[in-house]
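Q: Using the sequences and the hints, build the whole thing.
Protein chains: 2
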Amino acid sequence: MPTSLIHRQTLEFLLFDWLKADQYLHHGAKQMHNRASLSALLDRAANLAGDKLASCYRQADEHEPVLENGTVRMTPEIRNALHAMRDQGFFGLTQPFEEGGLGLPVLIERACFALFAAANPAVAAYPQISLACARTIQSWGTPAQITQYAAPVFTGKMFGTMCLAEQQAGSSLGDIETRAIPDGPAAYRLFGHKMWVAGGAHTMADNIVHLVLARVPDNHGNLIPGVRGLSLFLVPALIRQANGEAIAQNDISVTGINRTMGYRGLINCSLSFGEGTHRPGGKAGAIGWLIGPLHRGLAPLLQLMNEARAGTGLFAAAIASAGYQLSLRYARERRQGRAWTEKSAEAPQIPIIRHDDVRRMLLRQKCYSEGALALSLYCARLSDEESTAPDADLRRHATLLRELLTPVAKCWSAQWGLQANHLAIQVFGGVGYTKQCAAEQLFRDNRLNAIQQGTHGVQALELLGKKLRLEDGTALELLGETMHKTLLKAGQHTVLAAHGKHLARAMHLLARVTRQLLTDTQQERAMAQASPYLEAFGHVVVAWIWLDVVLCCEHVGGNTEPHFFAGKMAALDYFYLWELPSAELMLNQLAQAGKNTMHFPDQSF
Amino acid sequence: MPTSLIHRQTLEFLLFDWLKADQYLHHGAKQMHNRASLSALLDRAANLAGDKLASCYRQADEHEPVLENGTVRMTPEIRNALHAMRDQGFFGLTQPFEEGGLGLPVLIERACFALFAAANPAVAAYPQISLACARTIQSWGTPAQITQYAAPVFTGKMFGTMCLAEQQAGSSLGDIETRAIPDGPAAYRLFGHKMWVAGGAHTMADNIVHLVLARVPDNHGNLIPGVRGLSLFLVPALIRQANGEAIAQNDISVTGINRTMGYRGLINCSLSFGEGTHRPGGKAGAIGWLIGPLHRGLAPLLQLMNEARAGTGLFAAAIASAGYQLSLRYARERRQGRAWTEKSAEAPQIPIIRHDDVRRMLLRQKCYSEGALALSLYCARLSDEESTAPDADLRRHATLLRELLTPVAKCWSAQWGLQANHLAIQVFGGVGYTKQCAAEQLFRDNRLNAIQQGTHGVQALELLGKKLRLEDGTALELLGETMHKTLLKAGQHTVLAAHGKHLARAMHLLARVTRQLLTDTQQERAMAQASPYLEAFGHVVVAWIWLDVVLCCEHVGGNTEPHFFAGKMAALDYFYLWELPSAELMLNQLAQAGKNTMHFPDQSF
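Residue numbers (this note's numbering), protein chains in the order written: chain W, 1170 to 1774; chain S, 1170 to 1774.
Keep in mind that the hints are not guaranteed to be accurate.
[Stated by the list, open to error] Derived lysine-lysine pairs resembling DSS-like cross-links, with alpha carbons at most 27 Å apart:
1) S:Lys1512 - W:Lys1635
2) W:Lys1764 - S:Lys1512
3) W:Lys1654 - W:Lys1635
4) S:Lys1189 - S:Lys1658
5) W:Lys1654 - W:Lys1670
6) W:Lys1670 - S:Lys1636
7) W:Lys1189 - W:Lys1604
8) S:Lys1654 - S:Lys1635
9) W:Lys1764 - W:Lys1189
10) S:Lys1635 - W:Lys1512
11) S:Lys1670 - W:Lys1764
12) S:Lys1654 - S:Lys1636
13) W:Lys1512 - S:Lys1764
14) S:Lys1189 - S:Lys1654
15) W:Lys1604 - S:Lys1512
16) S:Lys1512 - W:Lys1636
17) S:Lys1764 - S:Lys1636
18) S:Lys1636 - W:Lys1512
[Unchecked claim] Facing chain S, from chain W, some residues (calculated, C-beta under 8 Å):
19) Phe1185
20) His1362
21) Trp1365
22) Leu1497
23) Glu1704
24) Ala1739
25) Phe1769
26) Ser1773
Note that these hints are calculated values from the structure, not bench results.
Note that CB positions come from ideal geometry on N, CA and C, so glycine has one too.
A: Next comes the structure, spelled out in structure tokens:
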């Protein structure tokens, strides 16, 4: 089993013992795969992560992509790593067996990507975003579009991007101005400027398929304002003829590269559509095709964003995990200081893992990184249930639950994953603040995840303003029922019954505060509390995840070593002693908030 | 009044209305200065900060110092900024009027340095560290040493450094191995390797005076182990003859430069003493002289470290303040989205400061940055009281209180200052994650402050293990008495009486938990809680600071605008609603902690 930046035994335990990944194999793959073969696949992913991704982690940071004469130049190791992922089939894991894929659950894909992201999130982000695009095309495109623009992504030949934000419309997608003008029976010509396009320009794939949010004038030439008037377009970098040969570059140009704090191997740029820079004729417009219904681009867009958000949460967990593993190794080796009770200055120095304060920092990292990983993988399993559950009701339930938990998993992992990376640096001390230590870069990398794919503030409004109101609150009821099953199991257990009771109290409080906020006659006051509410919600959910994981660990019993179990138990205890009470405190404060305390003059800041 | 990265009205209010800075002028300066002239000095500092320091903030980050053939090359703007500070007399603010200084209180120096640090902490750190060295030499050196090595620092001609840590002894100073061998009646020859020397090598001053921690063999040639055997040495980079002319480089060489996450304009290097690289004869050793008593270097070392720690806290507050001011300006200008209650997609977008979630992020920054600044300035005033209070008892009390509060101010400012900088990025959104936004750099810069001059973990042991036990707990009693005065004033007030009662409860709880930890029969168990204890302690102290500031604001009344007061009141309310309860929760958890929850097998991580 190769050493990796994700604790391998924990990953396998979560996948197989807790989430039963092997039960979600696609039809054709059932005879091909079992736990052992999937474990061998994880070995391959871990080896690839170490050999090709981790090996260029610092390189990709030091030599960020640069724009030269309209072309992007980047360090060749990134290309090599991506081509190795492609060649080993890691773009096509979830594709049906019959179509050349491996027919594996989303869960297994996410597990592999966690290994990749822990080794090099910037590089792993290219396929992660590309796959989100491809699956959106798969869900909403025509058969020809799927063949031409989704299938090549699953073989790693084509990459994808999301072109959503614009300068005047960062978090406010309803304000985007890019226009798509009909051109013939099916095509459109796009004109506009897009920002923050991750993976927006490079030469590492045969083609790049951009999914672009734009507006189409109605029959009278008017634009429908707001999110209702949005449509999603498939706009390839290279336009191909029917015979598949490239004929021309589409009318898209790179107008700038963002130099970022971290994730520097992932090119992030501004793109201009329809500036005519590549076409002698001038303002021709970028050729594109509608994906999903006209003026109702929100549905395919949400699929795209939800998958990207799930990926963001997973990556945040993986980066946190990498910091945890690295600082843990250091703490075992680095000797410094003595026990508080040691009075002799001549006694040998001890490994810093023996200092309680260092242990606390490591244990907190374990709570955050493993909690975030478990939550992300749980959400991945919901994706699998959506396609494989035996009846429509169960599939629908999985969808609702995944919709509800996506902003929670994204934000919780980003917030506490960053905190974990902060603590990793702290364990290293001065070394952790230098470029010679990967923990330094991990911290910078993870800072992105609270912003990309919608900030915490946006996700909080999404949770409180939309997700909780889905189908009259069914999603929250479903979550409550699911958590209740864990409480029943915990109730049977001598030690864990106490944790169960504690969780039940927190759940009760969360339900009460949720009702209060949703029924507040002053919705503005309620919505002002969305961010702390999201934070507390996340903590209650992760408290449940930890309890469920430990119950499973206890149940599996003989298969888990005592040390493995003791570690999970220590993390659970820590979470229930130090973390869950903070969430309860926040919820109590939310319940008491009588007035909107943010109402004071702007000049008073 | 020049715009600056510290809210100027707040700074003046804290200095003059709250802390009465003008009452701490030195003897000779009393006729020269008053509030108006000191305010004019702050104008000069703010202008200099803007013109020379802020202007090269990004430059200093992008072009970090490099080592070329044993010489350090750095961007010339840093030199220009430092020479401007020197030429305008900012190195000598606190020196006696009679000796060419301005005879100003430490408080005013710190206020000026807060302005400098907000503009460019890496550059401002050179004089900050240099002054700590000079004052240590002033306290412990001979008159000749003071003339030769402290006086030139106060005129900005010589810079200073602290050479403490070694590879095998990072946080454990008792394990340092650098040796000092007597050479003649007064001099020593030093041999050893030092790490993390900030400002350790450059050509921006006529000379650099290093304060070096080392061990001297006793009469039998043996070394005394542990901190008891440490001595502090003055080791200049250039050795001068009695006539003042440089004759030779001392036997010190730069062995490496640390490339750091932030503070990149401040060179941070490893130095080798006594390698003989600069002296043809070989292993001659670096010439140095004892500062303070032999084998009892801890006393001068503590003075040096305490001042450096106070500076670290102040700088963390200043960096937080810069992020707050920048994100505040952005929030006022940037239009994005609409009110939750606005149903029309065609309504114009609103400045993001109108969104409650953004307001919360700004208000939190205000709480943290202004709270940290107030606490740091309060500690500076204690330094002034130590030298100016009318009787010895009061001076002694000021010392005890400053000793107690130094680790608290350092750690609280570093922890919550970084959190403020995190929120500043979040207000900017995607832009905040790019190099075009200073908030990105501020966050990286402030990450250092939880590490340098002793990590949180080290400071926590210092607080619980030493400072609280000083003179049988007198320091904590004094703090309690001081806080009690605030409670009495609050009790008279209709609105603030409630805050006072809340604070009194928190103080009572803190006192109870402190007693419990100090008298715990298992000191190892108690010391394992040092870090959360320090964190909670800091929150209670800052809650007191905020209440005292608002009481003063209320008292000054007519002099403060209503908007100014409303802002302070909003911050106070926020702190008491959301922050102080977290500290109380932590203290309650500490009180309940029955066993050391960090006791589980190392293999379980």
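Q: All the hints need checking, so say for each whether the structure fits it.
A: Cross-check of the supplied hints:
1. S:Lys1512 - W:Lys1635: holds, 15 Å
2. W:Lys1764 - S:Lys1512: holds, 23 Å
3. W:Lys1654 - W:Lys1635: This hinted pair holds, its Cα atoms lying about 26 Å apart.
4. S:Lys1189 - S:Lys1658: Distance ~18 Å between Lys1189 of chain S and Lys1658 of chain S Cα, so the pair holds.
5. W:Lys1654 - W:Lys1670: holds, 13 Å
6. W:Lys1670 - S:Lys1636: Judged against 27 Å, a Cα distance of about 40 Å means the pair is violated.
7. W:Lys1189 - W:Lys1604: violated, 40 Å
8. S:Lys1654 - S:Lys1635: holds, 26 Å
9. W:Lys1764 - W:Lys1189: Status violated; Cα separation ~47 Å.
10. S:Lys1635 - W:Lys1512: Holds: Lys1635 of chain S and Lys1512 of chain W sit about 15 Å apart, inside 27 Å.
11. S:Lys1670 - W:Lys1764: holds, 21 Å
12. S:Lys1654 - S:Lys1636: Satisfied, since the Cα-Cα distance of roughly 22 Å is no more than 27 Å.
13. W:Lys1512 - S:Lys1764: Measuring from Cα to Cα gives roughly 23 Å; hence the hint holds.
14. S:Lys1189 - S:Lys1654: It holds: about 17 Å lies between the C-alpha atoms, which stays within 27 Å.
15. W:Lys1604 - S:Lys1512: Judged against 27 Å, a Cα distance of about 49 Å means the pair is violated.
16. S:Lys1512 - W:Lys1636: Since the Cα atoms of Lys1512 of chain S and Lys1636 of chain W sit roughly 19 Å apart, the hinted pair holds (cutoff 27 Å).
17. S:Lys1764 - S:Lys1636: It holds: about 24 Å lies between the C-alpha atoms, which stays within 27 Å.
18. S:Lys1636 - W:Lys1512: holds, 19 Å
19. Phe1185: Violated - the Cβ of Phe1185 of chain W stays beyond 8 Å from chain S, reaching only about 20 Å at its closest.
20. His1362: violated, 14 Å
21. Trp1365: holds, 5 Å
22. Leu1497: This interface hint holds because 5 Å falls under the 8 Å limit.
23. Glu1704: violated, 11 Å
24. Ala1739: holds, 5 Å
25. Phe1769: OK, holds: Phe1769 of chain W within 8 Å of chain S, min 5 Å.
26. Ser1773: Cβ of Ser1773 of chain W sits 3 Å from chain S, so the hint holds.
In summary, the structure is inconsistent with hints 6, 7, 9, 15, 19, 20, 23 from the numbered list given earlier, while agreeing with the others.
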